[in-house]
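Colleague: All chains, full assembly: derive it from the sequences and hints.
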Amino acid sequence: MTTTRRNALVRPCTIIYLLLIGLTLLTWALGRFNDRIGLPVATLSMTVLGIALLKGQLIGDFFMGLRRVRGAWRWVVTLWLLLPASLIGYAFLSSY
Amino acid sequence: MTEKNRQPPGDLAIWIFICAELGVFAVFFAAYAFTRAQHVELFNRYQQTLNSNYALINTLALITSSYFVVRAVAAIRDDHQRSCARWLGAAIAMGGVFLVVKSMEYHHHFSAGVTLSTNTFYMFYLSLTFFHFMHVLMGMVILAAVALKARRGGYSASAYTGVETGASYWHMVDLVWIILFPLVYVMR
Amino acid sequence: MKYQSQSVAKLYFIAAIGLFVGQILFGLVMGLQYVVGDFLFPEIPFNVARMVHTNLLIVWLLFGFMGSAYYLVPEEAERELVAPWLAKLMFWIFLAAGAATIVGYLLLSYSDLAKLTQDDLLPTMGREFLEQPTITKLGIVVVALAFLFSIGMTILKGRKTVVNLVLLIGLTGLAVFFLFSFYNPENLVLDKYYWWWVVHLWVEGVWELILGSILAFILIKTTGVDREVIEKWLYVIIAMTLITGLIGTGHHYYWIGTPAFWQWWGSIFSAMEPIPFFMMTIFAFNMVNRRRRNHPNKAAVLWALGTAVMAFLGAGVWGFLHTLAPVNYYTHGTQITAAHGHMAFYGAYVMIVLAMISYAMPMLRGRRAANSPRSQVLEMWSFWLMTVSMVFITLFLTGAGILQTYLQRYSDQPLDFMTVQDKISLFYWLRELAGAVFLIGLVIYVVSFFAGTDEPEVAEKVEVDA
Ligand code: HEM
Ligand code: HEM
Ligand SMILES: [Fe+2]
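Protein chains in written order, with numbering that gives the first Met the number 0: chain H, 0 to 95; chain W, 0 to 187; chain B, 0 to 465.
Hints are computed from structural coordinates only; laboratory data are not their basis. Bear in mind that the values here come from a model prediction, so they are computed numbers and not experimental data. Beta carbons are placed, not taken as given, at the ideal position from N, Cα and C, and that holds for glycine. Careful, some of the hints might be misleading.
Pair ranges (Cβ atoms, derived) [said to hold, decoys possible]:
1. L81(H) <-> R291(B): 36 to 44 Å
2. P11(H) <-> N50(W): 32 to 40 Å
3. L98(W) <-> W74(H): 27 to 35 Å
Part of the chain H face toward chain W, derived, beta carbon under 7 Å [unchecked claim]:
4. G30
5. V47
6. V68
Modeller: As structure tokens, then:
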């Protein structure tokens, strides 16, 4: 978990944190206001799923510290994200 | 600083456990998605009875608490035991926020007479979120144990595997919610 | 043997093996009745033989668990057992109650037995695995309480290890869930609902803790691997067991009148139940590979590894086979269930008890660490004969079960139960044959205790070979 550097002005983990907050607000807003935004549902769903994947990867890399790991463990979170996400994506896309 | 480890932070045992837990959630998510594909109307209709503002607050709470946990690990790496315990305490408090908000949400649904047997959507909604709820609770217990030990000076810059172990578990709880939130509240 | 009081375990182990022989004999009787319907009728009807077979199984496994605990707990706690006299007294009470119950099954009709034992005062009889008269059940509770007292006090007063605590939790859970056998509501759904709290929460819950801790103990002793490593594995395994196994009870709530969400809960959580069994397999092999010593008791290590593999196959693989609701819809209560029941019980609980007996018995009989080579060779033969024949029993029953499911429930022109049974009788003959081989293995197992008793024991090779 070497995501913090004392000498930097803002710690990298703080930047990641703010990014995660932003992405969360984006997801929420897309869900909340899509009647006004008017994205097709398929686009909406796939976008928020994609955002979730990105967020998950950030958490795995920076919060869980997998960025600093080599070998098989480096990719556990990535693999885990891809597995359900592809099933979810397939199930949703096939339902429209 | 740049050299890479072969093992993830914390005890390897917790990672094996994390993998198993993630597996259960993955199955649950897939089951939700495929069942929904057969009852699109029903799921879309009842999804609208959920209030995504609650979910937003909860997502922010979990991400924030995860961030606090990262800071706790950073603190102990600098040998700041008190500060580590304080960050952990803050993380636990955010977990508490999650539990309270989620309970309010449950209260809303239960007082509307919703049960596991109302329909398939509510069955999934209640099961998935409740299973996750129990994980938040368990994560808070783990973090509390770590925080107490940190306060007693049980960790130091040279021995903090325990902090990383608890941290890894807590991030997992966050990670699962990151998928659960869009899946149940937003995707349609 | 480090502590004098560990020797009470020997009584329990001997009784366990004796009842095991009885169990198998009745299994063979039933196996023959499957194909020769009136064999031993009216002396031993099928339903009586079935009761004797399954109750003997449970009772001898309980003897085995108690014996294991009486051996293991003092050694882990590093002190003598509290009240060893109580352990001896309870042994005789338990044995007498068990024997009287079996004699009652065999000599009286079940309804007469119920009348004789005043079942109408507190009716608890008549349910599979829990057929014992109410007084026998009360006796079991008394024995269990006394047992938990000696074990619990020994642990409290002595060194507390993870192995001991997990074992104690498992044994306490065993006693607590047994109390549900006294709850016998009128409503058939509720009756079944709580019946599984005994049966399922035993074998897929608290007994797994007992299994895990005994396995951990044997591995600590025979491999010399650090206790901390083994304890960590134990933590992960029991956590996973409880998460999946408790809610996994739902795989019995698909079709008994319980709400439909159980089909989801049961399917998802029980589908994960193989994970802790798989972890146990990895755990056992990992520890043996990292061993710091070559323990001279090869037979005990073989049983321990065998448990880890067979429990995964029987419980994990054969359990998964029929645990998803859409599959169970067709296979419920067929020979697939019997196939799974046999291999799971054998692989997990029979084998762990035999592993513990194998590890402890040489010391209980005054040796330093292991039996003579001759005795060990016989024991390992019996291991392979019993294990391989159990695999075949399972495979034949699975074959029978697949055909049964298809012919009776899936094909376009479903046939009635008895017609199907006739059509698959070849599998039942083969099962009986495999059962006979199992009995041969068991006889050799018993003989191994009397072979080479005056020969010197295997010595420990000092260096670990690469
Ligand atoms: C050592 C552990 C286990 C033992 C000793 C065991 C034993 C048994 C027995 C004896 C039965 C038959 C009960 C009856 O109806 O009389 C049974 C049923 C069943 N077991 Fe297990 N079992 C174990 C683990 C598992 C696991 C891990 C799974 C799932 C992955 C599983 C899935 C099932 C299912 C679905 C049934 C119901 C079958 C039906 O509908 O007829 N079991 N088990
Ligand atoms: C250690 C070895 C054995 C174990 C652990 C064992 C265990 C069991 C269990 C748990 C049941 C109840 C199954 C259920 O409810 O589905 C059972 C039933 C039965 N067992 Fe065994 N058994 C063993 C050996 C044998 C042998 C060697 C035979 C015969 C060849 C045999 C024949 C039977 C039969 C015929 C039934 C009745 C099945 C039915 O109700 O249709 N068993 N056994
Ligand atoms: Fe079960």
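Colleague: Give a verdict on every hint.
Modeller: Verification of the hints:
About 40 Å separates the C-beta atoms of L81(H) and R291(B), a value consistent with the hinted range of 36 to 44 Å. Restraint check, P11(H) to N50(W): a C-beta distance of roughly 34 Å satisfies the suggested window 32 to 40 Å. Between L98(W) and W74(H) the beta carbons are some 32 Å apart, a value that agrees with the proposed interval 27 to 35 Å. At about 4 Å, the closest approach between the beta carbon of G30(H) and any beta carbon in chain W falls short of 7 Å, and the interface hint on this residue holds.
Interface restraint check for V47(H): the shortest CB-CB distance to chain W comes to about 4 Å, inside 7 Å, so the restraint holds. For V68(H), the suggested interface contact is upheld, since its CB lies about 5 Å from the closest CB of chain W, less than 7 Å.
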